[in-house]
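**Q** Sequence:
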Amino acid sequence: MSMASGGEGPSSTPHKHTNRLAKERSPYLLQHAHNPVDWYPWGQDAFDKAKTEDKPIFLSVGYSTCHWCHVMERESFEDEEIGQILSENFVCIKLDREERPDVDKVYMTFVQATSGGGGWPMSVWLTPDLRPFVGGTYFPPRDHGRRPGFKTVLTRIMEQWQNNRTTLESSGDRILEALKKGTAITANPGESPPLAPDVANRCFQQLANSYEEEYGGFRDAPKFPTPVNLMFLMSYWSVNRSTSEGVEALQMALHTLRMMALGGIHDHVAQGFHRYSTDSSWHVPHFEKMLYDQAQLAVAYITASQVSGEQVFADVAKDILLYVSRDLSDKSGGFYSAEDADSVPASGGAEKREGAFCVWTASEVRELLPDVVEGATGAATQADIFMHHYGVKEQGNVTPEQDPHGELQGQNVLIVRYSVELTAAHFGISVEKVNELLASARARMAEVRKSRPRPHLDTKMLASWNGLMLSAYARVGAVLGDKALLERAVQAGDFLREHMWDAERQTILRSCYRGDQMEVQQM
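Numbered per our numbering, the sequence shown spans residues 1 to 523.
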């Protein structure tokens, strides 16, 4: 794929610092345009400077809706002292992983191999010819216990580069060689590849071994939705439905989808799914919402509705597309990339907090839903019924273990704690009445949320993610016979053809952006 590269960014009020990222289009790079760091975008200018000055490269990779990327910017990249150390001793490059997933993948492989983990922000130090020799993810600004801070890490790397450069480079080269051998695909002459059923059986067994029976999903927290795994399990069932393994595969997929739909990872007020859960019960999410998750989960839920015959799965699929149509859709027909996890609390304060847009205090719920429900046990109010059903507590329903940074103290993340039938029985009213009360409560709360400061919206439009979303609208629309969803898929196809297809070069642009006048631009 070709890359739709940068151009002049929008004008803004004067800042103390402005670097060359101000000329970029990537929302992520623009977020760093006023750091006291001499940032370069990924490109030949930065590479030439590193070679000419014989300096190591500091490569920082992230994306615009990444919570920990924001934290590291606030703590380190906006720090004058750290900015000076970076600018004087390194050639500093900022990279948007959503613009260049190819570059991100290369260096993430190195970081995972050397640190045992990965994630964003990704921090990698390279030789002038782009060979990695040190890597990590988020670093706190200062030393904390036995964990070195970012300033200490920079100082140590500077000293090693000046005094022990050969050893440093050799160590990186050895790791790269090991990675090449480990990822090489080899086949012995005359050896047949494994049969497809054998591969499928092996994949099923790996998922079964890591399956978490109580809440669904795979392995321990943090838990990601992994819709590809769920689609595989449903496909595995379709060709093995007469076997115990096939039945188990379907049960694993459907139970996981049910539990996610009930959990806090699912936005019960404004629809859509958050990126992952910080706990095993799908309760407290990492609050950003990614387009690719919505696309793949919509397909997984509509597939579950087909294989199970349960309407609840189709309802969730429609719920996801309602969110995308309302909040991630451009007037041109394209789809935006993501919504951020962080926003300014409605209660005031300049500092953004994770989840501020989505969470509720008990007093907020009581104030919004004060009416006594006729016939309900104990003169219960609509708030009482809503709080019982969604697990809202007076002191908040997020434990310190789920909130190590204290950003959600006293807040509630909505999670379905009881079925509608159990809630109805608890308050002595009908199921129909409970459904009516919950729906009207969610609608009222959605209106209130509109008045809160919204999270940052990444309006970058990526061809690949737009393709996933187009497919989701087409699939759900076809299964449900919904003409409006099918028309939205056609609109997305027209957008891709008009704005993302380079007819002259017969290739697809990776990304395009909103211009200053809200027009679509490929720069």
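In case anyone wonders, no lab produced these hints; they're calculated from the structure. All of these numbers come straight from a predicted model, not from anything done at the bench. Do not take every clue at face value.
Here are the simulated SDA-like pairs of lysine to any residue, each with C-alpha atoms no more than 20 Å apart in a straight line [to be verified]:
id	residue 1	residue 2
1	483	329
2	51	180
3	180	108
4	105	175
5	318	482
6	433	479
7	450	372
Label-pair distances were calculated between CB atoms; the ranges are [stated by the list, open to error]:
id	residue 1	residue 2	range
8	241	152	29 to 39 Å
9	173	479	44 to 54 Å
10	406	447	45 to 55 Å
11	375	400	37 to 47 Å
12	346	394	43 to 53 Å
Every residue, glycine too, gets a C-beta built ideally from N, C-alpha and C.
**Q** Tell me the hint numbers this structure goes against, listed in increasing order.
**A** Hint check: 2, 6, 7, 8, 10, 12 fail, others pass.
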